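**Q** Just need the whole structure built from these sequences, with the hints factored in.
Heads up: the sequence lines are chains G and L, in that order. The opening position of the first sequence corresponds to residue 1 in this note's numbering, with each subsequent residue numbered one higher. The opening position of the second sequence corresponds to residue 1 in this note's numbering, with each subsequent residue numbered one higher.
Hints should not be assumed to be uniformly reliable.
[Claimed, not checked] Label-pair restraints from in silico Cβ distances:
1) L/27 <-> G/87: 41 to 47 Å
2) G/277 <-> L/7: 39 to 45 Å
3) L/10 <-> G/206: 41 to 47 Å
4) G/51 <-> L/120: 43 to 49 Å
5) L/159 <-> G/185: 26 to 32 Å
6) G/127 <-> L/114: 54 to 60 Å
[To be verified] Derived list of chain L stretches under chain G, where covered just means 3 residues or more per stretch with a C-beta under 8 Å from a C-beta of chain G:
7) 162-171
8) 204-210
[As the list claims (entries may be wrong)] Chain G is nowhere near these chain L residues, computed Cβ spacing over 10 Å in every case:
9) 8
10) 9
11) 35
12) 46
13) 51
14) 87
15) 108
16) 117
17) 136
18) 175
19) 178
20) 182
21) 224
22) 225
23) 237
24) 251
Everything labelled a hint here was simulated from the structure, so no lab data went into it. Everything numeric in this text was worked out from a predicted model, so none of it was measured. Where a beta carbon is used, it is the ideal one built from N, C-alpha and C, also for glycine.
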Amino acid sequence: MTVNGDILQLEDVAKRFSVRRSPFAPRRSIRAVDGVNLTVRSGETLGLVGESGCGKSTLARLILKLHDVSTGRISFLGQQVHDARGRNLSRYRRQVQAVFQDPFSSLSPRMTAGQIVAEPMIVNGGLSSRETDERVADLFDKVGLNPAWMERYPHEFSGGQRQRIAIARGISLNPKLLVLDEPVSALDLSVRAQILNLLKDLQRNLGLSYLLISHDLPVVSRICTRIAVMYLGRIVEIGPAREIVANPRHPYTKALFSAVLPEHPRAHHQRIELEGEVPSPLDIPSGCRFRTRCPIAVERCEVEPPANLMINSDHMAECHFAIEKPNHGGELK
Amino acid sequence: MFTRVGKVPWIPIVLLAPVVVWGLFGPWIWPHEPTAIDFAARLKPPVWLEGGTANHLLGTDQFGRDLLSRLIEGARVALIVAVFGVFLAALVGVAAGLAAGYFGGVTDNIIMRIVDVKMSVPAILLTILIGSAIGAGVTTVVAAIAITFWADYARVVRGETLSLKERGFVELAKVADCSHLRILTRHILPNLQATIVVLVTLQLGRALILEAAITYIGIGIQPPSSAWGLMISDGRSLLSTAWWLAAFPGFAITATVLGANLLGDWLRDALDPKVR
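**A** In structure tokens, the structure reads:
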């Protein structure tokens, strides 16, 4: 599949949730996603990584229109979709589908596997019931399931098979983009590789683009075209997968990838350990949001939020020192 | 779906058969006219006791009316009251609970405040209110049961809906562009089936008891027609001399309530694709 053009574009997207700790406390807002710029290109796999609670899943839900954005714009193939309603929303939803992490809760227990896969086609209409049946059988075949199992209920399948059903449903409308929210992290190691290979094959055959959300770095670095690293609601570094793995520029990315065990136990491996906890999204630090845990933070980081620093046309990092080394002469914090 | 469970639920069938058969075919099978008074045969004991006659299998009351025939007539009232009252309550309560849980926000607040208000007014007070508004009778009992019980469904269904709507398959249904109606009827309601079936069967029992209470305070079924609750309250004063007058309607209520509960258990399993 050739890469040509962006299909999904996020501009300065933010999502705030308003919370109240006790009935008398004032309302405060959690900035779950805080000014994200992101594009998904046609035919690519964009990996989105970050710790739990960094806003990756919220971002996915914004893209899937399960939440509405607080501010910012989302456009799909040039059409603005973040405020789409009615027919425009339906048209958008036909083209963007999802596969979730837990294959045990993402399939309705009271529907047969065939009904689950057929549902998006039934809802969108246009096919006779015979055509739908044929298409379901075809989809079962595509994802490596026996079409004779259409009448079975989800609990009769294993985790990997359930995820195959979920994928079959996801691709049933021939979407352009599939949002994969931790698609393999609930599966056994041996099954993971099979599902990842299936996803790769489908991408090649159907020309799909993937947004892969995961905290499994080896998986992400193996199958993604580009990787975006998220911290406290913002993309702090984004670039081609090979560059991000081999030459990360943001200290957070460095720490994240240094936590992955090397393939050989005796290989040279230096771990960067981060101190402290992720700050609460209720209380995002001034300046650079990573400075409270950053090993190279200086005074400047406290007052001046880092601008998007382009390392090259395709690689961005939000750190003052993404290119230059920090000047540690005297002004070290 | 029923074919998945091979076992026939014999115990609930045996327990519920009398009320259903009696209720539907009463006039053809009762041995005497239930209201026929025969002072010559007052307070006869059941046939197997000394002084009992085969003419009155379960004995007679203080007016010489045949107890078995009155039980059979009472079954019809029990059937009407339980079925219509409980299903009306379930219909209203489930719809309210689904709407409250699924849509949340203002809808939820309005519905749940009505539930709270309903919960804070004693059932018997409401019943008296209905009774004085539309007069005593079967309709009053059905209305009273529906109004008393709907809030239970609303609360339980709302709670379950709240947790179901966070599940992946409901979110994926939205992603697949399903309408709210389709999500509610295809994704949420089927998963509430077990809860609703169990609640309905429990309520059937409670409805019979409420019916007895309403009848007891005089705004339910009116004499001379009979209802099990009425028979118990009438027989109460004669308990020391003619225990059968209160005991047999009591047995009838117990058997029916037990049968309904057991049927509920069986239905819950029979409707669950996971249990074979």
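**Q** Does each hint hold? Answer for all of them.
**A** Against the structure, the hints:
Judged by the Cβ atoms, the range 41 to 47 Å given for residue 27 of chain L and residue 87 of chain G is violated: they are separated by roughly 60 Å. In this structure, residue 277 of chain G and residue 7 of chain L break the distance hint of 39 to 45 Å, their C-beta atoms being roughly 56 Å apart. Under the hint 41 to 47 Å, the C-beta atoms of residue 10 of chain L and residue 206 of chain G, about 54 Å apart, miss the expected range. Range check, residue 51 of chain G to residue 120 of chain L: Cβ separation about 47 Å, and the 43 to 49 Å hint holds.
Separated by about 29 Å at the C-beta atoms, residue 159 of chain L and residue 185 of chain G satisfy the suggested range of 26 to 32 Å. Here the CB-CB span from residue 127 of chain G to residue 114 of chain L is close to 43 Å, at odds with the stated 54 to 60 Å. Remark: the segment 162-171 of chain L is confirmed as covered by chain G, as 4 of its residues place a Cβ nearer than 8 Å to a Cβ of that chain, reaching the required three. Counting residues of the segment 204-210 of chain L whose CB lies closer than 8 Å to any CB of chain G gives 0, which falls below the minimum of 3, so the coverage claim is violated.
For residue 8 of chain L, the requirement that its beta carbon stay farther than 10 Å from each beta carbon of chain G is met, with the minimum near 23 Å. Its beta-carbon lying about 22 Å from the closest one in chain G, residue 9 of chain L satisfies the requirement of being farther than 10 Å from that chain. For residue 35 of chain L, the non-interface assignment is confirmed: its Cβ lies about 49 Å from the closest Cβ of chain G, beyond the 10 Å cut-off. Every C-beta of chain G lies more than 10 Å from that of residue 46 of chain L, the closest at about 49 Å, which supports listing it as non-interface.
Its beta-carbon lying about 58 Å from the closest one in chain G, residue 51 of chain L satisfies the requirement of being farther than 10 Å from that chain. Look at residue 87 of chain L: its CB is around 22 Å from the nearest CB on chain G, clear of 10 Å, so calling it non-interface holds up. Non-interface call for residue 108 of chain L relative to chain G: holds, since the shortest CB-CB distance, roughly 17 Å, exceeds 10 Å. Taking the minimum C-beta to C-beta distance to chain G, about 21 Å, the non-interface status of residue 117 of chain L holds against the 10 Å cut.
Every CB of chain G lies more than 10 Å from the CB of residue 136 of chain L, the least distance being 43 Å, so the non-interface label holds. A cut-off of 10 Å between C-beta atoms contradicts the statement that residue 175 of chain L is not in contact with chain G; the least separation is 5 Å. Its closest Cβ contact with chain G, about 5 Å, brings residue 178 of chain L to no more than 10 Å, contrary to its assignment away from the interface. For residue 182 of chain L, the non-interface assignment is contradicted: its Cβ lies about 7 Å from the closest Cβ of chain G, within the 10 Å cut-off.
For residue 224 of chain L, the requirement that its beta carbon stay farther than 10 Å from each beta carbon of chain G is met, with the minimum near 49 Å. Consistency note on residue 225 of chain L: stated as away from chain G, and its beta-carbon is indeed over 10 Å from all of that chain's, at 43 Å minimum. Taking the minimum C-beta to C-beta distance to chain G, about 52 Å, the non-interface status of residue 237 of chain L holds against the 10 Å cut. With a cut of 10 Å on Cβ distances, residue 251 of chain L stays outside the contact zone with chain G, its closest approach being about 38 Å.
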